[in-house]
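Participant: Each chain, written out:
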Amino acid sequence: MLKYLLEKEFKQFFRNKALPKMAVIMPFMAILIFPLVANFEIKNISLAVVDNDKSSTSRELIQKVAAGGYFSISEVASTYTHALRSVELDKSDIIMEIPAHLERDLQREGSSEILISANAVSATKGGLGSAYLAGIIGDFNKEINGNISTVVADSFTITPRFWYNPRLLYTYFMVPALMVMVLAMVCGFLPALNIVGEKESGTIEQINVTPVTRLSFILSKLLPYWIIGFVVLTISFFAAWIAYGLTPAGNLGTIYLFAALFVLAFSGFGLVISNYATTLQQAMFMMFFFVLTFIFMSGLYTPVANMPRWAQNLSIISPLKYIIIVLRQVYLKGSTFTELLTPFWMLTAFAIFFNGWAVLSYRKKS
Amino acid sequence: MKVIEVENLTKRFGIFTAVDNISFSVERGEIFGFLGANGAGKTTAMKMLCGLLRPSAGKGSVAGFDINRDSDKIKAAIGYMSQKFALYEDLKVWENIRLYAGIYGVPEREAARRTDALLEELGLSHEKESLVKSLPLGWRQKLAFSVSIFHRPGIVFLDEPTGGVDPVTRRQFWEMIYKASESGITVFVTTHYMDEAEYCNRVSIMVDGRIAALDSPALLKKEYGAESMDDVFRRLARKSVNGGL
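Just so you know, the sequences run in chain order A and B. Using the numbering used here, the first residue of the first sequence is number 1, and each one after it goes up by one. Using the numbering used here, the first residue of the second sequence is number 367, and each one after it goes up by one.
Same shape as in the complex, but just chain A (with noise of 0.2 Å):
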């Protein structure tokens, strides 16, 4: 009887316009194109400039902030007041006041104050900006001191590197949480809405009388996305071992195990979906309300350390954020699966959770 469900499943699954093509074009967006484009790396920084010293030390600082490539000049202000309007004005992004008698209190006093003020309606841009800003000062800074101190080039050595690279990291990062967004899509929303869409035409009346049980039609419903999911599961990974040279330090039959228990657990989010929609309407709308949550929750772009309490305690909600952890470990750390084992039992708990509620509030008859 699966038999039969499972190739009209897979027939109507191919005849359809856009699914196969979707399934094709999904991972190679994700892994190719997402990264470029979410990435919290800060360009172009926009910088109004007042400098009430006037003197070499503050024309070197300033020169030594616009030769950085991050910050852009855009505003040479006699006074705070016209930088300040021209943050108004959106043509700078952020403020640097060197003090006057800058020069003359390093000399004397070996410190002096300068005053970073950023617009901050771009938490991430005004936040990252300033702490640039705040790196190429502090360089500065150990360069002067060498130079007061005149001790030669060679105790002016390394000194921590506050510049790490931050596109290239930043992929590294991102492209195996976006690998599980895949996942999620395929795995999770597809099966729901197709089941939906059964409620939608009244096809599944037809099946709910006839003897196809309630396991065997669950099935035939999640067999070919799970199928279909670790395709592009593969495919993310060749994309990502194309574009970025990313290939898994540890191991990927690791990845392989911890995909099928999150695809479990995440299809069975998706049949409770299915389950109380009755239009596809509810059920996309309920699907993304509750995919965003998950999301927002899981560390994906935000980790989980830097949410306050009562959402870092909330985050265990999110079945994404064991799987996004477990690839991120996996990928970029080489974790064993010794060392995974709290996702692990989450992961097992969430699938068994969630299919244990799908196959409760399933009902062939009401």
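Simulated from the structure, these hints should not be mistaken for laboratory data. Quantities reported herein were computed from a predicted structural model and do not represent experimental measurements. Beta carbons: idealized from backbone N, C-alpha and C, even for Gly. A few of these clues could be false.
Covered by chain B, per the in silico footprint, the following chain A stretches (three or more residues, Cβ under 8 Å) [said to hold, decoys possible]:
1) 7–14
2) 70–76
3) 338–346
Okay, the calculated beta carbon distance ranges per label pair [to be verified]:
4) B:Lys439 - A:Ala305: 53 to 61 Å
5) B:Leu503 - A:Arg15: 30 to 38 Å
6) A:Ile242 - B:Ser496: 52 to 60 Å
Based on the hints, put chain B in the right spot on chain A.
Facilitator: Positioned in the frame of chain A, the structure of chain B alone reads:
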């Protein structure tokens, strides 16, 4: 022999009683018409017989199986064609037949043979490879009916099978029903076309969840002194507190 027997069957949705304490039975090979205005409760009653809805009270058996306990066995023994069009539009004609044949456990070779014979009979042989959505509605309905009795069930339930179909096709559809009945399949059909009621061996007319009348069309017309089933129906439906017509 009775293939459907129902006693005091009731279905309540909250405070609304959709089916109110109905009792009737259907003989093997009969064409049993189940009439009623929209909302009179006929679809609800039929769904309980097919194991799609759980009765709130009462008992009954279909094909010898208890409707409260053995709904899975009932499902294997009956055919069903719903009001909504229920074939898969994105599957081809033969693929739909193959799917349902497979579900009911018709052996593959036997199914292939019967498929060709069926399409021949329907005059659809040239459409075997067509997607169902490319067929006109009347043909789809005929195909859906044929699919519902493809596994040769003892009883077939038809829920307003001719809705939205032109008179010529309806006529042909009823010829198919007669043929099925001759081959020994009991036909349980809901409709609100009163001319179709005349084709049934016996009809029951539901008003507000109750069976208001049950007999052969000829006897009903005599009893109510009516010209046609349409008249009989109007007289009964006028009593409806829900408005009926």
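Participant: Looking only at beta-carbon atoms, does the pair B:Leu503, A:Arg15 fall within the given range of 30 to 38 Å?
Facilitator: 21 Å, violated
Participant: Please count how many residues of the region 7–14 of chain A have a CB within 8 Å of a CB from chain B and say whether that reaches 3.
Facilitator: holds (count 4)
Participant: Does 53 to 61 Å hold as the CB distance between B:Lys439 and A:Ala305, or does it fail?
Facilitator: Once the Cβ atoms are compared, 57 Å apart, the range 53 to 61 Å for A:Ala305 and B:Lys439 holds.
Participant: Verify the coverage statement for the region 338–346 of chain A against chain B, using a C-beta to C-beta distance below 8 Å and requiring 3 or more qualifying residues.
Facilitator: Violated - the region 338–346 of chain A has 0 residues with a Cβ nearer than 8 Å to chain B, which falls short of three.
Participant: Cut-off 8 Å, C-beta pairs, minimum 3 residues; does the coverage of the region 70–76 of chain A by chain B stand?
Facilitator: Since three or more residues must qualify, the claim that chain B covers the region 70–76 of chain A is violated, with 0 doing so at under 8 Å.
Participant: Quick one: are A:Ile242 and B:Ser496 within 52 to 60 Å, going by C-beta?
Facilitator: The hint (52 to 60 Å, Cβ to Cβ) is violated, given that A:Ile242 and B:Ser496 are roughly 42 Å apart.
When held up to the earlier numbered hints, the structure conflicts with 2, 3, 5 and 6 and fits the remainder.
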